[in-house]
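First residue of the sequence shown: 50, per our numbering; consecutive thereafter.
Just so you know, the hints here were simulated from the structure itself, not pulled from any lab data.
C-beta atoms are modelled at their ideal positions from N, C-alpha and C, and glycine is treated no differently.
Among the hints, a few may not be true.
Cβ-Cβ distance ranges computed for the label pairs, FRET-style [what the hints assert, rightly or not]: (1) Lys213 to Gln55: 37 to 47 Å; (2) Glu69 to Pro100: 21 to 31 Å; (3) Gln206 to Thr113: 15 to 25 Å.
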Amino acid sequence: MIAMAQALPPFQAFLDEHLEPVGAFVRGMVGPSDAEDCLQETFLAALRAYPRAEAGNLRAWIFTIARRKAIDHHRSRARMARPVAEPQELIDSRAGRQGPGSVDGALGMSPRHSEIWAAVAELPPGQRAAVVLRFAVDLRFREVGEVLGTSEEAARQSVHEALKKLRASASELKETTR
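Whole structure, please, built from the sequences with the hints as guidance.
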């Protein structure tokens, strides 16, 4: 007996279901200021490829596209010239003042949460993706592995190593604030 291919849901239904979790992942990967552009690029690429997608695991498929777009974003940022002076809003946020342009204000985060996500942003890209997928998007390790193109065990190991680094960063931060 030949297995029948699963039909794809309409793209709008797919978009409605995945927009929020993919948005959380992208914000964790590229930061809030660039998330909207990266998210738009992700779903534009998904729309173009959607007719050829396999209905089996669309969730892993869209997160894989998002991860690749985040990597592309970081590559393009690395090639861009860096400004000599920092924008005032970045200076304000580093000085602890919250305003409409600050990361804390944009995400409604407490200073402690922004410290945690700042430490996550310093992780290597693969570990950062694993942590964001596991904790911000709440994917199981099997799904994290699928998105990252690794095994479930490799995904567990990546998260474990990232958490060790984050604990070390937290310890260093704790020591410097004493």
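Here is how each hint holds up against the structure:
1. At roughly 40 Å, the beta-carbon separation of Lys213 and Gln55 lies within the given 37 to 47 Å, and the hint holds.
2. Here the CB-CB span from Glu69 to Pro100 is close to 24 Å, well matched to the stated 21 to 31 Å.
3. Against the hinted window of 15 to 25 Å, the Cβ-Cβ separation of Gln206 and Thr113 comes to about 19 Å, which satisfies the hint.
Of the numbered hints listed earlier, not one is contradicted by the structure.
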